[in-house]
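Colleague: Use these hints to put chain B onto chain A, whose structure you have.
Chain order of the listed sequences is A and B.
Using the working numbering, the letters of the first sequence map in sequence onto residues 1 to 261.
Using the working numbering, the letters of the second sequence map in sequence onto residues 1 to 279.
Here are the simulated DSS-like cross-link-like pairs (lysine-lysine), alpha carbons at most 27 angstroms apart as the crow flies:
#, chain 1, residue 1, chain 2, residue 2
1, B, 227, B, 48
2, B, 170, A, 153
3, B, 170, A, 151
4, B, 170, A, 10
5, B, 227, A, 225
6, A, 251, B, 170
So these bits of chain B aren't anywhere near chain A, every CB distance computed over 10 angstroms:
#, residue
7, 67
8, 130
9, 134
Hints in this document: simulated from the structure, not taken from any laboratory.
Here the structure is a predicted model, which means the values were calculated and not measured.
Quick reminder that beta carbons are idealized off the backbone N, C-alpha and C, glycines included.
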Amino acid sequence: MKPKRNIAGKVYLFLIFLFLYAPIIILIIYSFNESKFRTWSGFSFKWYIELFSDTKIMAALYNTILVAVVASLLSTVMGTLAAIGIHGMKKWPKRLIMDVTYLPVLNPDIVTGVSLMLLFVFLSIPTGRLTLILAHMSFCIPYVILSVLPKLKQMNPNIYHAALDLGATPMRAMWKVVLPEIMPGVITGLLMSFTLSIDDFIVSFFTTGPGVENLSILIYNAARKGVNPSINALSALMFVVIMCLLLIINKRTKTNVDIMF
Amino acid sequence: MNKKWYAQPYILWSILFVVVPLLLVVYFGFTTKTADGSMVFSLENFQKFFTPAYLEVFLRSLWYAFISTVVCLLLGYPAAMVLSNRNLKSQGTMVLLLVIPMWMNLLLRTYAWLTLLENEGLINQFLRFIHVLGEGESIQFLYHDGAVVFGMVYNFLPFMILPIYSVMTKLDQSVVEAAEDLGANWWHVFRRVRLPLSIPGVMSGITMVFVPAVTTFAISAILGGNKVTLLGNLIERQFGQMNNWNFGSAISLVLMVIILLSMGFMSSYEKENEGGGLL
Chain A
1 MKPKRNIAGK
11 VYLFLIFLFL
21 YAPIIILIIY
31 SFNESKFRTW
41 SGFSFKWYIE
51 LFSDTKIMAA
61 LYNTILVAVV
71 ASLLSTVMGT
81 LAAIGIHGMK
91 KWPKRLIMDV
101 TYLPVLNPDI
111 VTGVSLMLLF
121 VFLSIPTGRL
131 TLILAHMSFC
141 IPYVILSVLP
151 KLKQMNPNIY
161 HAALDLGATP
171 MRAMWKVVLP
181 EIMPGVITGL
191 LMSFTLSIDD
201 FIVSFFTTGP
211 GVENLSILIY
221 NAARKGVNPS
231 INALSALMFV
241 VIMCLLLIIN
251 KRTKTNVDIM
261 F
Chain B
1 MNKKWYAQPY
11 ILWSILFVVV
21 PLLLVVYFGF
31 TTKTADGSMV
41 FSLENFQKFF
51 TPAYLEVFLR
61 SLWYAFISTV
71 VCLLLGYPAA
81 MVLSNRNLKS
91 QGTMVLLLVI
101 PMWMNLLLRT
111 YAWLTLLENE
121 GLINQFLRFI
131 HVLGEGESIQ
141 FLYHDGAVVF
151 GMVYNFLPFM
161 ILPIYSVMTK
171 LDQSVVEAAE
181 DLGANWWHVF
191 RRVRLPLSIP
201 GVMSGITMVF
211 VPAVTTFAIS
221 AILGGNKVTL
231 LGNLIERQFG
241 QMNNWNFGSA
251 ISLVLMVIIL
261 LSMGFMSSYE
271 KENEGGGLL
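Chain A on its own, in the form it takes in the complex:
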């Protein structure tokens, strides 16, 4: 590479990053603005204090975290078991179940949301936190399966049989031999489920019930009315949290960017 082209490239990349981060940085700066308006009138934690005393926002935060924790844990358990089962299947049932697994991944979120809403109405399950958790599980499980399966493929199948030969019960062999081998995939799946759940808007929008909001839905409703300083503060906090989560995931899957999307 010629040095000139190199510099041009770096400038270009810088501009792209500027474009991506400018609104976020400005949002964070203005979350410390004393005034409600867009003119700067001094540094203040006012909006953060207001944020934490806003019961509606706090309820939404609670819902978001509760749903994310429960949905990602349950998805990880079910997804990991499913991956082990699918791994042992014969060719055509395996293909069939994988096609169904890819459906929620490939389907537009709005279709997933609408279809689940119809299901909950059809089964007359009252919409609320429970339906949010079920809906989030339905799009998280495929990601767990997809991050555990490659680890199972990499694993030497003989070590499981060796454990059995040495007198371990199938349960114990699974727990002591297979699970530690696939653990990195399991953890990646868990973290991905958690972030996907926190981030989700469209599916939640269709599957929640009256009065139950998560942060995405709250931001959506607030944003349609324009800028709100408490939401700025909330956004700034969420940005920091997501960034920390990603730094952790990144440490775990250093060489593999592909899993991130």
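Modeller: Using the frame of chain A, we list chain B on its own:
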């Protein structure tokens, strides 16, 4: 390992929460509600969808998604090229910087632009400050088509850059070196080697931008006000205010078929290229 039964709970789960819901969408899409509340088979919803008023929304959604995909590709391809350059220092950090906005809440990213773009926002204030605009004047950035396309480009740009980058880093350097040894200049190497080999990345980038862009309703609702109606908004209204689930399901069905078909097409293209691309 004969552990098939481990998958049993998941098989039941996916029948109940993936297959049955989609069948319900099909059922609602192909029926209408009669006066006494019973459902009868009909193609009315689809006929309604293909009337000019709704077709316009459909074509508009496709068009805006198309424009934003093209803009993302034009902005993103060079960025991916710079990123994948092996002489670039701190490549890992750069990639992480690209991934962070991808994982940030879409609502949040869209909302962030309000502070900049609104009539009393920072850009208008700045333009007034440098006297491009007079006192009390402002440019209307928000609440029209341009703002919606802009929002799509902003939100989905990283989804274009990353797959292309990922394919480019896997490019076998010896192929490039071979081309150079055989006397190809930079442009020829790009045109005949780098570009063709990056097509699978471009394809998945296009899918990752186009699909969310064509189905979004949050971006158009926040940046477009109520002035811009896209397919997503149309579906949302059928399940909300309009309370016409049958029509909403029919639109979702059309959308789903189009997306899944184009995905199938894209993935078959990718597979073809995986093996034969080099030859």
